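Chemist: Each chain is listed here by its residues.
2 protein chains.
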Amino acid sequence: MNIETHLQACKLEVDRAMENYFSGQADWPPRLKEAIVYSLKAGGKRIRPILAIAACEACGGCRENVMPVALALEMIHTFSLIHDDLPAMDNDDLRRGLPTNHKVFGEGLAVLAGDGLLAEAFYLLSQSTSNLEVLRDIALATGSAGMVGGQVLDLEGEGATLTSIDLEKIHRYKTGRLITVSVTSGAKIAGAKPSELEALKAYGERIGLAFQIADDVLNVEGSREEMGKSIGSDQDNQKATYPSLLGLEDSKTKARELVEAAILFLKPFGAKSEALSAIASYIVLRKN
Amino acid sequence: MNIETHLQACKLEVDRAMENYFSGQADWPPRLKEAIVYSLKAGGKRIRPILAIAACEACGGCRENVMPVALALEMIHTFSLIHDDLPAMDNDDLRRGLPTNHKVFGEGLAVLAGDGLLAEAFYLLSQSTSNLEVLRDIALATGSAGMVGGQVLDLEGEGATLTSIDLEKIHRYKTGRLITVSVTSGAKIAGAKPSELEALKAYGERIGLAFQIADDVLNVEGSREEMGKSIGSDQDNQKATYPSLLGLEDSKTKARELVEAAILFLKPFGAKSEALSAIASYIVLRKN
Numbered sequence: 001m002n003i004e005t006h007l008q009a010c011k012l013e014v015d016r017a018m019e020n021y022f023s024g025q026a027d028w029p030p031r032l033k034e035a036i037v038y039s040l041k042a043g044g045k046r047i048r049p050i051l052a053i054a055a056c057e058a059c060g061g062c063r064e065n066v067m068p069v070a071l072a073l074e075m076i077h078t079f080s081l082i083h084d085d086l087p088a089m090d091n092d093d094l095r096r097g098l099p100t101n102h103k104v105f106g107e108g109l110a111v112l113a114g115d116g117l118l119a120e121a122f123y124l125l126s127q128s129t130s131n132l133e134v135l136r137d138i139a140l141a142t143g144s145a146g147m148v149g150g151q152v153l154d155l156e157g158e159g160a161t162l163t164s165i166d167l168e169k170i171h172r173y174k175t176g177r178l179i180t181v182s183v184t185s186g187a188k189i190a191g192a193k194p195s196e197l198e199a200l201k202a203y204g205e206r207i208g209l210a211f212q213i214a215d216d217v218l219n220v221e222g223s224r225e226e227m228g229k230s231i232g233s234d235q236d237n238q239k240a241t242y243p244s245l246l247g248l249e250d251s252k253t254k255a256r257e258l259v260e261a262a263i264l265f266l267k268p269f270g271a272k273s274e275a276l277s278a279i280a281s282y283i284v285l286r287k288n
Numbered sequence: 001m002n003i004e005t006h007l008q009a010c011k012l013e014v015d016r017a018m019e020n021y022f023s024g025q026a027d028w029p030p031r032l033k034e035a036i037v038y039s040l041k042a043g044g045k046r047i048r049p050i051l052a053i054a055a056c057e058a059c060g061g062c063r064e065n066v067m068p069v070a071l072a073l074e075m076i077h078t079f080s081l082i083h084d085d086l087p088a089m090d091n092d093d094l095r096r097g098l099p100t101n102h103k104v105f106g107e108g109l110a111v112l113a114g115d116g117l118l119a120e121a122f123y124l125l126s127q128s129t130s131n132l133e134v135l136r137d138i139a140l141a142t143g144s145a146g147m148v149g150g151q152v153l154d155l156e157g158e159g160a161t162l163t164s165i166d167l168e169k170i171h172r173y174k175t176g177r178l179i180t181v182s183v184t185s186g187a188k189i190a191g192a193k194p195s196e197l198e199a200l201k202a203y204g205e206r207i208g209l210a211f212q213i214a215d216d217v218l219n220v221e222g223s224r225e226e227m228g229k230s231i232g233s234d235q236d237n238q239k240a241t242y243p244s245l246l247g248l249e250d251s252k253t254k255a256r257e258l259v260e261a262a263i264l265f266l267k268p269f270g271a272k273s274e275a276l277s278a279i280a281s282y283i284v285l286r287k288n
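Residue numbers (the numbering used here), protein chains in the order written: chain A, 1 to 288; chain B, 1 to 288.
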């Protein structure tokens, strides 16, 4: 399997489904819809939807059933990007090479575009799956014990002296849990067995952390063009990162080891987990 | 039935359930939990939970079953207050006589406290009801076609010349739909018949609008002490209000007429709708 081609095809399918979904919504205030669609279209890699789809297919499920869950996960991720970029948080002017939401639409509308996306994600989930457990898992991974809580820890950590244990906790909350739930939700939609769920949870936790370490490495090494945001911005915000705590080489080694460990958990799935395996490898090889 | 006593008893029960719910959550960042609990405890009237409970009981349901839905509605309402008070929105320093969330915890944490509350509301709903329709209704009334959309319309309306039709649309989105869904959710939890749902929806739409008109009137007439926020703040923000469009007396008349119309829809419920009827009357009689 050529992973670049696979990711690209899967991403296009997610994009099409997203476009289709947002072509309705006639009763939304037009400017709000514009702000929401602006950030959704701003060139994300769609890692979370792709993971949900790959996990579902690894467990014998079909893509059509998992697509609404995949879209909801991307909406939640996009909501978090819009809010994290706000002046009161990371104060970023650029995201994926484009002006951030509040730079284009103003802070008030940016807050509301994020709020609208979060509510819409749960609307979509409640409409498209009868699996309340999936909805509950996603809400948990999103809120105060997950992504939102992680952003709080991240803000509190700015300028503080953190250990690598502190840093790992921040990332487990901030990105790890939503990435892990992307994998397990896909599996649950496919009706995965408990042993399959266990293995995929372990896989998700490891690639979630690897993803964040790779992000930190790219923030040091990447070019502005490849990353589409200001390089070295973590340093400017006095944020602890894996390279600043472990050094660049040890960070890369840790990310690679996590990916290898993640892939070991895929063994019972055989050929059906090829996509999941390739995504894991892609995480440490990607350039943006 | 003495409505003041009834509302007070019901409010206390909601407060106790809320306190109980938030006494757990050990894995939330402590400062985030503090910010969330601060705004939840800041003396709300708990109108939405009380409406959900009253509607459930009017349809023969029991209070225990509707309580989680009632709490989720209050969380969503509180999330909207925290975000609406932000400097980029209404820029309010006081709410219910206390400093607003961002004044105490800073803007970043206030945004995240709101986000955390919204996610938690859906977590609670997904955990406590198997009624996906209720969850879907609440998500719809919360998001871009509801409360969040209404706040966008409200922001866009500042300084603009609005008709009373524009104003009614803003309020239908911003407060009407969440109030209506509080009523219909309670009814659905009780397993209401279609004809009962129809009647309660009509009741909810009317009291939702009456509530907002009464709020506008109080913003002109109320004392700072009673309202717990700056009086005349709507005028400062150049917001169109019912008194500014219809005049004070006609606004009061309109609110009273809406309440009377709402109460007519309760007739088929007989004595079981006494609480709903009393809440409707309270809306135009309240002093804060």
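Hints may be right or wrong, so weigh each one.
What the hints assert, rightly or not - Far from chain A by the CB rule (all over 12 Å, computed), these chain B residues:
(1) Gln8
(2) Ser128
(3) Arg136
(4) Ser144
(5) Lys201
(6) Val220
(7) Ile263
As the list claims (entries may be wrong) - Taking beta-carbon pairs under 8 Å as the criterion, some of the chain B residues facing chain A (in silico):
(8) Trp28
(9) Leu135
(10) Ala139
(11) Ala145
(12) Gly149
Source of the hints: derived by calculation from the structure; they are not laboratory data. Only a predicted model underlies this, so the values are computations on that prediction, with no experimental measurement involved. For glycine and all other residues, C-beta sits at the position ideal for the given N, C-alpha and C.
Chemist: Given B/Trp28 was flagged as interface, is its beta-carbon under 8 Å from a beta-carbon of chain A?
Modeler: For B/Trp28, the interface hint holds, since the closest Cβ of chain A sits about 4 Å away, which is under 8 Å.
Chemist: Would you say B/Arg136 is clear of chain A, with no C-beta pair closer than or equal to 12 Å?
Modeler: 4 Å, violated
Chemist: Taking the least C-beta to C-beta distance, is B/Gly149 closer than 8 Å to chain A?
Modeler: Because about 5 Å separates B/Gly149 from the closest Cβ in chain A, which is inside the 8 Å limit, the hint holds.
Chemist: Measuring Cβ to Cβ, find out whether B/Ser144 lies farther than 12 Å from everything in chain A.
Modeler: Contrary to the label, B/Ser144 does not stay out of reach of chain A, its closest Cβ about 4 Å off (not over 12 Å).
Chemist: Checking hints one by one. Is B/Ala145 an interface residue toward chain A, by the C-beta closer than 8 Å rule?
Modeler: Since chain A brings a Cβ to about 5 Å from B/Ala145, closer than 8 Å, the hint holds.
Chemist: Decide, holds or violated, for the assertion that all CB atoms of chain A are farther than 12 Å from the CB of B/Lys201.
Modeler: Given a closest Cβ separation of 17 Å, the condition holds.
Chemist: Double-check B/Ala139 for me: the hint is only fine if its C-beta lies closer than 8 Å to a C-beta in chain A.
Modeler: Constraint on B/Ala139 satisfied, holds at 4 Å.
Chemist: Does the claim that B/Val220 lies outside the interface with chain A hold up, using a Cβ gap greater than 12 Å?
Modeler: 25 Å, holds
Chemist: Would you check whether the claim that B/Ile263 is not at the interface survives, using Cβ distances to chain A and the 12 Å cut-off?
Modeler: 29 Å, holds
Chemist: Far enough from chain A: is every CB of that chain over 12 Å from the CB of B/Ser128?
Modeler: Since the minimum Cβ distance to chain A is about 10 Å, B/Ser128 lies within 12 Å and the statement is violated.
Chemist: Restraint: B/Leu135 near chain A, CB-CB cut 8 Å. Satisfied or not?
Modeler: Holds, because the Cβ-Cβ distance from B/Leu135 to chain A comes to roughly 4 Å (cut-off 8 Å).
Chemist: Is the nearest Cβ of chain A still more than 12 Å from the Cβ of B/Gln8?
Modeler: 30 Å, holds
Hint compliance for this structure: hints 2, 3 and 4 are broken, all remaining hints hold.
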